[in-house]
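Undergrad: Residues per chain, in single letters:
Protein chains: 2
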Amino acid sequence: MTRSPVSEKTVTVDLGEKSYPIYIGKNILPEFGVYVKRKVTGPKVLVVTNPTVNNLYGKVVADSLQRSGYEVSIGEVPDGESYKSLDSARLLYDIAFENNLDRSCAIIALGGGVIGDLAGFVAATYMRGIPFIQVPTTLLAQVDSSVGGKVAVNHPKGKNIIGAFYQPKMVFADTGTLSTLAQREVRGGMAEVIKYGIIWDPAFFNYLEESHTLIKEMDTGALIHIVETSCSIKARVVEQDETEQGIRAILNYGHTFGHALEALTGYKRYIHGEAVAIGMVTAADAAVKLEMLDSAVRERIEKVINLYELPVKSKKLSVDDVIESMGHDKKVKAGRVRYVLPEEIGQVNIVTDISYDILTEILTERLTGND
Amino acid sequence: MTRSPVSEKTVTVDLGEKSYPIYIGKNILPEFGVYVKRKVTGPKVLVVTNPTVNNLYGKVVADSLQRSGYEVSIGEVPDGESYKSLDSARLLYDIAFENNLDRSCAIIALGGGVIGDLAGFVAATYMRGIPFIQVPTTLLAQVDSSVGGKVAVNHPKGKNIIGAFYQPKMVFADTGTLSTLAQREVRGGMAEVIKYGIIWDPAFFNYLEESHTLIKEMDTGALIHIVETSCSIKARVVEQDETEQGIRAILNYGHTFGHALEALTGYKRYIHGEAVAIGMVTAADAAVKLEMLDSAVRERIEKVINLYELPVKSKKLSVDDVIESMGHDKKVKAGRVRYVLPEEIGQVNIVTDISYDILTEILTERLTGND
Chain A
1 MTRSPVSEKT VTVDLGEKSY PIYIGKNILP EFGVYVKRKV TGPKVLVVTN
51 PTVNNLYGKV VADSLQRSGY EVSIGEVPDG ESYKSLDSAR LLYDIAFENN
101 LDRSCAIIAL GGGVIGDLAG FVAATYMRGI PFIQVPTTLL AQVDSSVGGK
151 VAVNHPKGKN IIGAFYQPKM VFADTGTLST LAQREVRGGM AEVIKYGIIW
201 DPAFFNYLEE SHTLIKEMDT GALIHIVETS CSIKARVVEQ DETEQGIRAI
251 LNYGHTFGHA LEALTGYKRY IHGEAVAIGM VTAADAAVKL EMLDSAVRER
301 IEKVINLYEL PVKSKKLSVD DVIESMGHDK KVKAGRVRYV LPEEIGQVNI
351 VTDISYDILT EILTERLTGN D
Chain B
1 MTRSPVSEKT VTVDLGEKSY PIYIGKNILP EFGVYVKRKV TGPKVLVVTN
51 PTVNNLYGKV VADSLQRSGY EVSIGEVPDG ESYKSLDSAR LLYDIAFENN
101 LDRSCAIIAL GGGVIGDLAG FVAATYMRGI PFIQVPTTLL AQVDSSVGGK
151 VAVNHPKGKN IIGAFYQPKM VFADTGTLST LAQREVRGGM AEVIKYGIIW
201 DPAFFNYLEE SHTLIKEMDT GALIHIVETS CSIKARVVEQ DETEQGIRAI
251 LNYGHTFGHA LEALTGYKRY IHGEAVAIGM VTAADAAVKL EMLDSAVRER
301 IEKVINLYEL PVKSKKLSVD DVIESMGHDK KVKAGRVRYV LPEEIGQVNI
351 VTDISYDILT EILTERLTGN D
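In the order they appear, the protein sequences are chains A and B.
The C-terminal position of the first sequence is numbered 371 in our numbering, with every residue numbered one higher than the one before it.
The C-terminal position of the second sequence is numbered 371 in our numbering, with every residue numbered one higher than the one before it.
Please keep in mind that the hints were generated in silico from the structure rather than gathered at the bench.
Since the list can't tell identical chains apart, any single copy or any two copies may satisfy a pair.
Pairs of lysine to aspartate or glutamate, DMTMM-like flavour, derived with a Cα cap of 20 Å: (1) K157 x D87; (2) K169 x E242; (3) K18 x E239; (4) K169 x E17; (5) K157 x E98; (6) K157 x D94; (7) K44 x E324; (8) K18 x E242; (9) K18 x D241.
In this text the structure is predicted, and so the values were computed from the model without any measurement.
Okay, chain A solo, but in the shape it has when bound (with noise of 0.2 Å):
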């Protein structure tokens, strides 16, 4: 009773040599080991979770791996964001090494962006490198990290400041493991997605203003559209640009802003897409404030935020530490910052440097908030 693999839909990143494919649809899983199969000629795989997930998801991608052949082992690490380390690296090298992988086995990311983030530098840089596979088990990991070959640990003094541009072999992202997701992780996926809209796709953003409740409810043919869209757009932005020299910084739009806001916040009070959210917002106020945006538009992409439950402002922090934070940035070229800014829906553009004083005025408005 071997079922013969579906994906609902598949999305190719076209970069020549280093193309793949993501596959995207509901309960997937079971079938994974099918897919590696067609990318991995060696006789072992590591995989990377954390306990979260690999209490929910561990043995049905096992299972699925051992079927089509593959001897498994499994790298856990503790969840979250301080786990993305150069230590939890570390630890994962050894694991690689003590179970003998060699350069034709493969790395497996099961989970979110962080353990995506982690695994990826892992299979990255281990023996120079070595095939890796994203499973992305959470909204902002299937719209977001798990595409685009970005792969990073932490700096105690700033986020990915370790890492690579390495593209996995394959993405396959499984939108069941969403209805497993906390509701606030959710949300901060739907500010990935909101992002796309305003940087790209105008139809898109007119969807996710109509079809809010139906994404809010899960609904299957909407998740499945809002991953497709999202995967479909970065993969045109990273087929132009893979190594971030020129367009593919407005896939930053929001994070500049954004990562500051973590840094100060100690990467504790917001998860990543509520920094975004608020980045967003932030830089829109800065475009209206340059007059490169209709106050009109600002509001809707407010609106927009708002519909989705994200936050649009910070806690009170001080002007001036947002504004160094930003100066360490890895967008800062030359010791200049460059910030993305809309001009209309579907339409960014970048713009080096931002008066103080502009900065100033937005920032005192954006971080009141008492969240």
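Keeping the supplied structure of chain A fixed, place chain B upon it in accordance with the hints.
TA: For chain B alone, kept in the frame of chain A given last:
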């Protein structure tokens, strides 16, 4: 009184967008900054070096960079292979971060293979990759490790287990630095030079046989010739196979045995080139045993290695330990060991698996030295 920059020879590594020049000349370090200016647009550079090299060449390099307008910071790592570690990388990430290096800035490796591999790994992974420049100051680094983009740190249980393929923007080899090198280090470098003759170039092998006096006297022309020829051969191999999917493996001639010897003697008894020298003769033994190689050619290989005062036998070690250690070599595919064996001077081939009996026989012979 600005001198116009000169290098005696330039070898280009042709890798499309990742192509880069290797400049080779005597006493060219004072002109270094002028060359860097062609490649690095940012205002800052981090020079990674060790105390010995820093003492000898740190000032001339830093002065040259400052004359070209760069803000220079120095990251000093203690001498020795044991510092090619994740801990040293962590220290350098901290220095890069504290000095606000961004993606437009460069990391410069000033030293031998340890410094080049470590600094390259940090450049490959800091902010997902920033410009990297090699200034090799040992013969081994000038003819081998600085060219081709292999960067790495060691794992407690294996050499170069954590790394990447990351090409430098330029290699700047001043053969003048070889005059301050210990004789043993020069001899070690010659092992890799001899390797190029055996795997690729019979005429070069002849030259090494005939010109050994000139080379051992460190004649300027002879040194530039062997560095240039070695870099050219390595460039041609790397151009065909940047990430070691196929032909690049021939560069590992002598290294499968060599790495095992280094590992089993705690990286203390042999410098790399010495272990490779023993490894090359051992591989030739195996080739004769498998009837791939004429025993007269094997003699010629051993004779050249003797000529440059490199070892051809290892101290007594357990044959089984060596065989087990080779099983952890990165070249292992799906549990099988691949050996690079000579067929004639200028030609090697890759053999998958050698029987336990043959390995035991040849290793028993080679592991009986007293040195």
